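A.B. asks: Protein chains in written order, with the working numbering: chain A, 96 to 210; chain B, 8 to 119.
No lab work stands behind these hints: they were computed from the structure. Please read these numbers as outputs of a predicted model, since none were measured by experiment. Hints may contain errors.
For each label pair, taking beta carbons as the anchor points, the in silico distance ranges come out as [stated by the list, open to error]:
| no. | chain 1 | residue 1 | chain 2 | residue 2 | range |
| --- | --- | --- | --- | --- | --- |
| 1 | B | 49 | A | 156 | 46 to 52 Å |
| 2 | B | 20 | A | 112 | 40 to 46 Å |
| 3 | A | 161 | B | 35 | 29 to 35 Å |
| 4 | B | 34 | A | 148 | 22 to 28 Å |
| 5 | A | 178 | B | 60 | 41 to 47 Å |
| 6 | B | 49 | A | 115 | 31 to 37 Å |
Where a beta carbon is used, it is the ideal one built from N, C-alpha and C, also for glycine.
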Amino acid sequence: AQSVTQLGSHVSVSEGALVLLRCNYSSSVPPYLFWYVQYPNQGLQLLLKYTSAATLVKGINGFEAEFKKSETSFHLTKPSAHMSDAAEYFCAVSDKGGATNKLIFGTGTLLAVQP
Amino acid sequence: KAGVTQTPRYLIKTRGQQVTLSCSPISGHRSVSWYQQTPGQGLQFLFEYFSETQRNKGNFPGRFSGRQFSNSRSEMNVSTLELGDSALYLCASSGGTVNEQFFGPGTRLTVL
Numbered sequence: 096a097q098s099v100t101q102l103g104s105h106v107s108v109s110e111g112a113l114v115l116l117r118c119n120y121s122s123s124v125p126p127y128l129f130w131y132v133q134y135p136n137q138g139l140q141l142l143l144k145y146t147s148a149a150t151l152v153k154g155i156n157g158f159e160a161e162f163k164k165s166e167t168s169f170h171l172t173k174p175s176a177h178m179s180d181a182a183e184y185f186c187a188v189s190d191k192g193g194a195t196n197k198l199i200f201g202t203g204t205l206l207a208v209q210p
Numbered sequence: 008k009a010g011v012t013q014t015p016r017y018l019i020k021t022r023g024q025q026v027t028l029s030c031s032p033i034s035g036h037r038s039v040s041w042y043q044q045t046p047g048q049g050l051q052f053l054f055e056y057f058s059e060t061q062r063n064k065g066n067f068p069g070r071f072s073g074r075q076f077s078n079s080r081s082e083m084n085v086s087t088l089e090l091g092d093s094a095l096y097l098c099a100s101s102g103g104t105v106n107e108q109f110f111g112p113g114t115r116l117t118v119l
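Okay, chain B solo, but in the shape it has when bound (with noise of 0.2 Å):
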């Protein structure tokens, strides 16, 4: 089985863009999480999403968006971007019934 893939592996963008993050999960993994991951917070969940449904969100403001496709395939969105949202970003997709999720190689996001 393919593993998670994440696109693209590295971006650079400026301040006030935004940016599109895509993410395909293990075939017949239903639920996507997102993460950030930087030096100063670690790691942070963004949301989840199963079936199409945001089912859960961290503690990021509005301008951190995401949706899933019914093909499972998750994109989440950062608009407005700020110096900050420079990190490691890192998608981990999961179809079991225990929470183990399989992580993706991220993608490095960095904000100028």
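Bound-form chain A, shown alone (with noise of 0.2 Å):
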């Protein structure tokens, strides 16, 4: 079965600090992906995703991830925090090659920017 680990269900950085959100992964064949967004009472908004075309992964709003097989990791970083950034942030995985798009979350981790 596959599942979405993410640590830290509250993570709280500086304007103008790096931004890393941590995600391990389990799935017992080649997943895909996935990092959403999600800003206050919106749906989810697909920030980046790994299909198996370039272990690191460059997104929206210049977020960037890397797929470690070797860790079981797909990270999420940003150089540089901004206020807007304040949101909560969801990493998914899905079967590649499945027949359904079946999505497992993580349990999310809200981000706070202090000024």
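Both chains come to you apart, so use the hints to assemble them.
C.D. replies: Written out as structure tokens, the structure reads:
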């Protein structure tokens, strides 16, 4: 069975500091991996996705993530936090090549950005 | 292209009632999935429809059901509402081959 673990339900950084949100996955088959962001009272917006084309994936708003198979990790980073980055972030896994689009989500990390 | 739309955005119901939520996917997308989001359980997969057929189902009671129409629009129904059904219900559509899903804004259901 697939699963995702996000370490740290709350992360606080200062504006301009590095953002690092951690995600570890478990999957018996090659996975697709995703990071989504959710702003209050909104749906989920895709930040980036890993589909095996490249291990370092660049997304929107300056975010990127690196797929590390040996560590079963897909951590999300951004070099310099902006106030507008304050939101909840979800890591998700899906079967690559499976007959379904089902996503398994982590529990989310709420990012606070301090001025 | 218009995004995924969900109606209504907010609903208040009482225990024992039933409710129907609607989702219109991105034009051309044939897959529609539904998720329930609550503070306690997080984001949980309800079911997925593809070309009017349920392709996958999550671990929810039979009170939760859905369907998809020939134009790919989808509805989900919850019967005999319970307080614990209060949640944000998210719909997502997909049209590609890498399981990328595009989410709507959600329907906030409150059960009193």
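A.B. asks: Can you list which hints this structure breaks, lowest number first?
C.D. replies: Violated: hints 1 and 6.
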